[in-house]
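For chain A, the structure is supplied; the task is to place chains B and C on it using the hints.
Given next are the chains, with one letter for each unit.
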Amino acid sequence: MILIISNKKDQTTVEVIKWLYRMNKQFIRVHEDEVFEIKTESKKVFLESQRNTLFLDDIKSVWYRRGGIRFKHFRYENDSIDEHMYEIQHWLQDYVLKTLESKKHINKQSNSQINKLWVLEKAIQAGLDVPEYFLAENTDEVIVNKTIVKPIAGSSVLETLKKDSYGMMYTSIVEKPEKDSFFISFFQKKIEKDFEIRTFYLNGKTWSMAIFSQNDEQTKVDFRKYNDENPNRNVRYKLPKNIEEKVHILMQTLDLNCGSLDFMKSGNKYYFLEINPVGQFGNVSADCNYFLEREIALQL
Amino acid sequence: MRNNFKEKHKLPLTFQYIEMIKNKSNKKKNSNTVFYTKCTKYETDFYAIEKPIKPLVRML
Amino acid sequence: MTYFNIFSNILITKGVGRILISDLQRNVSELYPLELYDLTEELKKDSIQNVLKNYDAASKEILQEYIDFLLEKEYGFITQNDWARNFPLLEYEYNDYSILSNIFIELEDIDILDKIKESMESLEIKHLVIYSKNQLSFEQFLKIDHKFENSPLEGIEIFSPFHTFINEDFIQNLNENTSRIYNMVFYGCKKVPFRVKDTFRFTINFTQQDLQISSCGKVNLDYFGTNLPKVLESINHNSCLHKKISIDVKGNIRNCPSMPQSFGNIKDTKLEEALHHKHFKKYWNLTKDKIEVCKDCEFRYICTDCRAYTERTHENEKGLDTSKPLKCGYDPYTGEWEEWSTNP
Chain A
0 MILIISNKKD QTTVEVIKWL YRMNKQFIRV HEDEVFEIKT ESKKVFLESQ RNTLFLDDIK
60 SVWYRRGGIR FKHFRYENDS IDEHMYEIQH WLQDYVLKTL ESKKHINKQS NSQINKLWVL
120 EKAIQAGLDV PEYFLAENTD EVIVNKTIVK PIAGSSVLET LKKDSYGMMY TSIVEKPEKD
180 SFFISFFQKK IEKDFEIRTF YLNGKTWSMA IFSQNDEQTK VDFRKYNDEN PNRNVRYKLP
240 KNIEEKVHIL MQTLDLNCGS LDFMKSGNKY YFLEINPVGQ FGNVSADCNY FLEREIALQL
Chain B
0 MRNNFKEKHK LPLTFQYIEM IKNKSNKKKN SNTVFYTKCT KYETDFYAIE KPIKPLVRML
Chain C
0 MTYFNIFSNI LITKGVGRIL ISDLQRNVSE LYPLELYDLT EELKKDSIQN VLKNYDAASK
60 EILQEYIDFL LEKEYGFITQ NDWARNFPLL EYEYNDYSIL SNIFIELEDI DILDKIKESM
120 ESLEIKHLVI YSKNQLSFEQ FLKIDHKFEN SPLEGIEIFS PFHTFINEDF IQNLNENTSR
180 IYNMVFYGCK KVPFRVKDTF RFTINFTQQD LQISSCGKVN LDYFGTNLPK VLESINHNSC
240 LHKKISIDVK GNIRNCPSMP QSFGNIKDTK LEEALHHKHF KKYWNLTKDK IEVCKDCEFR
300 YICTDCRAYT ERTHENEKGL DTSKPLKCGY DPYTGEWEEW STNP
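Chains as they are written, first to last, in numbering that gives the first Met the number 0: chain A, 0 to 299; chain B, 0 to 59; chain C, 0 to 343.
Be a bit skeptical, because a hint or two may be false.
[Claimed, not checked] Listed next, the in silico PhoX-like pairs over lysine-lysine satisfying Cα-Cα at most 20 Å (straight line): (1) K9(B) - K175(A); (2) K24(A) - K26(B); (3) K9(B) - K161(A); (4) K162(A) - K23(B); (5) K116(C) - K37(B); (6) K161(A) - K5(B); (7) K23(B) - K224(A); (8) K178(A) - K5(B); (9) K7(A) - K40(B); (10) K196(C) - K28(B); (11) K40(B) - K146(C); (12) K178(A) - K7(B); (13) K162(A) - K5(B); (14) K72(C) - K219(A); (15) K142(C) - K37(B); (16) K189(A) - K115(A); (17) K161(A) - K21(B); (18) K178(A) - K9(B); (19) K40(B) - K8(A); (20) K21(B) - K162(A); (21) K146(C) - K50(B); (22) K23(B) - K161(A); (23) K26(B) - K161(A); (24) K196(C) - K50(B); (25) K224(A) - K9(B); (26) K8(A) - K37(B); (27) K17(A) - K116(C); (28) K116(C) - K40(B); (29) K162(A) - K26(B); (30) K7(A) - K37(B); (31) K43(C) - K237(A); (32) K196(C) - K26(B); (33) K7(B) - K161(A); (34) K50(B) - K17(A); (35) K37(B) - K17(A).
[Said to hold, decoys possible] Which bits of chain A does chain B cover? Going by a derived footprint, with three or more residues having C-beta under 8 Å, they are: (36) 10 to 21; (37) 160 to 174.
Honestly, the hints are just simulated from the structure, not real lab data.
Glycine included, C-beta positions come from ideal geometry on N, C-alpha and C.
Looking at chain A on its own, in the form it has when it is part of the complex:
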């Protein structure tokens, strides 16, 4: 039995499920709003929610895509009892999650979010080129027009930032020095790129797509400022063997077996930018005819 942990909105999950049906593989799909109780029967542990029942022993592989397994947590009247029962429930849940993560898996709930700063250091250690970066609270060390600023963490979309608008936080070029100081921000050398590369990594194998974003003023600095009318050229790409090997080392160091990596090609160099363990790869799969959703279904 395959366990899929996702949320109701995710389209990639549906695509993978379609292949699972085709391959006659059984699965259980868990939504983000399901709440599980840990129970036992005939010496076996199982989880029960409003819509699913799953025995831990039956689960042979787990795909963590979005959301997470949530548990019911009982509170008690007596403070001392409540504290005691908090510990018991916590460690029981921890045991369940650890057991699930020890099985064959694609991604894990526990490291689906990663520290971007930490990843950059590990990337350098793995031998990848990373554009010079630093943290700062003012623009004293910033070379105007040759440096970019980008968020250290979080989504680039800030919903309902103002009453009827949302905010998009793209990578931006620092155009002028700032008089005042600000909260610690991430600065990185601006690279004159030939094109960008998005690589999907799964269990040691990579599938890459080259994105020609530099001809379009709109997408030149951040290709995610998608130009829907005239989309950037997205074509198949093959990373050189030495880069592939370094990617493999990096993913292993971070205990990730699946994720999307972003690079920038400039001259002879491949600059590593970031990793998204549970990022979107639907367009890489579709534009390059890679059948990545089928690949995931095969490996579960």
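Leaving out everything else, chains B and C in the frame of chain A:
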């Protein structure tokens, strides 16, 4: 000026360059809009209803 | 040395008199002269400098213009030295999770849909096309749509006779109460009841033509849309019959209602059983490259084939009809469109 978000504490420089986009909740719907519906088999409430990639019949 | 490379999602289809360049990412196909094909072939083998060396000054200018044009259209890009080896070609593999992709029903009684719903779901059929000889009421339209509520079916297309109850309110009501209908054609309509604007979730067509099942199989420019999955399917399989199944008005299960061979009757045969009949899939892999005349046509991968209405001139060693579709007026040898005759 950067702190036109009226926050007490400092914000990172990224807020200086943030782009505000109006919510298009009243965007006109037409035959090219992708609609979502429920699908029991795939266990989702957001099943994308898509037109076929080719003309399935050619009567006209 | 600089090299010119065509992007791997650009498909160049060579016809007899001209070529079709299909942009499989931006979904557009355009016609160009044969000499552009010759140029791209030469540029595949050698650097721009070496290719241009072989031409006189006047030709050089023209070729340079072609290259600039290709760059402007983003059909290709320039690389230094041997960077191009990191840009692999697109593999033209076509793969789909569904066992059958669409079903075409000549509808007599709506209840037939109950009979096949379960099969449609297990075969992962994505689209349903209905041709009805009888007028359909508002309730019947709703019934058809609601039968597939919560199912994996992605779309329903309905051809039905026009009747005077159909007006803007009727259509607006359908728009608000259905979820899977994506196209409706009302035939035999003498006067269009209202001006149609694209504000509904489906497209509608009012036509004077009195459509029959035998009206199908037409080949014309309106049907030549370009997109990657469509082209991949055309390259590998028969662009109409691949993963298609149909039920005619008498309940006979065929590849399409106009094909001669029946694989059972829905009264006592399930769709899955018909699918497993020895000959059901015999036309599925007959591509345009194996069909007379079409194999030389620049439109062959964006066209949708028809095996039911053909010129009946050729047959291959397996007994499959490999003649050009009857209702195609295009002659790739002259590059001209003509009226096709309805009598073979």
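A quick look at each hint next to the structure:
Proposed proximity of K9(B) and K175(A) is supported: the alpha carbons are some 19 Å apart, at most 20 Å. Only pairs whose Cα atoms come within 20 Å are accepted, and K24(A) paired with K26(B) is rejected, the gap being roughly 40 Å. A threshold of 20 Å between alpha carbons decides the hint, and for K9(B) with K161(A) the separation of about 18 Å falls inside it, so the pair holds. Restraint check for K162(A) and K23(B): satisfied, since their Cα atoms lie roughly 13 Å apart, inside the 20 Å limit.
Annotation: proposed proximity of K116(C) to K37(B) holds, straight-line Cα distance about 16 Å (limit 20 Å). Of the supplied pair hints, the one linking K161(A) and K5(B) holds, its CA atoms being roughly 11 Å apart against a limit of 20 Å. Note on K23(B) and K224(A): the hinted pairing holds, with a Cα-Cα distance of about 17 Å set against a maximum of 20 Å. A distance of roughly 18 Å separates the Cα atoms of K178(A) and K5(B); the hinted pair therefore holds under the 20 Å criterion.
Distance check on the hinted pair: K7(A) and K40(B) sit about 13 Å apart at the alpha-carbon level, within 20 Å; holds. This hinted pair checks out: K196(C) and K28(B) have alpha carbons roughly 11 Å apart, not beyond 20 Å. For a cut-off of 20 Å, the pair hint linking K40(B) to K146(C) stands: about 15 Å separates their Cα positions. For the hint linking K178(A) to K7(B), the alpha-carbon distance of about 18 Å falls within 20 Å, and the restraint holds.
The suggested pairing of K162(A) with K5(B) holds, with an alpha-carbon distance near 14 Å, which does not exceed 20 Å. Our distance criterion of 20 Å between C-alpha atoms is met by K72(C) and K219(A), whose separation comes to about 18 Å. A threshold of 20 Å between alpha carbons decides the hint, and for K142(C) with K37(B) the separation of about 17 Å falls inside it, so the pair holds. For the proposed pair K189(A) and K115(A), the alpha carbon gap of about 18 Å is at most 20 Å, so the pair holds.
Annotation: proposed proximity of K161(A) to K21(B) holds, straight-line Cα distance about 9 Å (limit 20 Å). Pair hint K178(A) plus K9(B) holds up; C-alpha atoms about 13 Å apart against a cutoff of 20 Å. With a C-alpha separation of about 15 Å, the suggested pair K40(B) and K8(A) falls inside the 20 Å cut-off, and the hint holds. Between K21(B) and K162(A) the alpha-carbon distance is near 9 Å, which keeps this suggested pair within the 20 Å criterion.
Note on K146(C) and K50(B): the hinted pairing holds, with a Cα-Cα distance of about 18 Å set against a maximum of 20 Å. Between K23(B) and K161(A) the alpha-carbon distance is near 14 Å, which keeps this suggested pair within the 20 Å criterion. Using a Cα cut-off of 20 Å, the hinted pair K26(B) and K161(A) holds, with the two alpha carbons roughly 19 Å apart. For a cut-off of 20 Å, the pair hint linking K196(C) to K50(B) stands: about 19 Å separates their Cα positions.
With a C-alpha separation of about 26 Å, the suggested pair K224(A) and K9(B) falls outside the 20 Å cut-off, and the hint is violated. Between K8(A) and K37(B), the direct Cα distance comes to roughly 11 Å. Compliance with the 20 Å bound is thereby established for this hinted pair. At most 20 Å may separate the alpha-carbon atoms for a hinted pair to count; K17(A) and K116(C) meet this at roughly 18 Å. For the hint linking K116(C) to K40(B), the alpha-carbon distance of about 13 Å falls within 20 Å, and the restraint holds.
For a cut-off of 20 Å, the pair hint linking K162(A) to K26(B) stands: about 17 Å separates their Cα positions. Of the supplied pair hints, the one linking K7(A) and K37(B) holds, its CA atoms being roughly 10 Å apart against a limit of 20 Å. Between K43(C) and K237(A), the direct Cα distance comes to roughly 19 Å. Compliance with the 20 Å bound is thereby established for this hinted pair. With a C-alpha separation of about 16 Å, the suggested pair K196(C) and K26(B) falls inside the 20 Å cut-off, and the hint holds.
A distance of roughly 17 Å separates the Cα atoms of K7(B) and K161(A); the hinted pair therefore holds under the 20 Å criterion. Simply put, K50(B) and K17(A) have alpha-carbon atoms about 18 Å apart, close enough for the 20 Å limit, and the pair holds. For the hint pairing K37(B) with K17(A), the CA-to-CA distance comes to about 15 Å; that is within 20 Å, so the pair holds. For a cut-off of 8 Å, the count of residues in the region 10 to 21 of chain A with a CB near a CB of chain B stands at 6, and the three-residue condition holds.
Residue count for the region 160 to 174 of chain A with a Cβ under 8 Å from a Cβ of chain B: 11. That meets the three needed, and the coverage hint holds.
Checked against the numbered hints above, the structure breaks hints 2, 25 and satisfies the rest.
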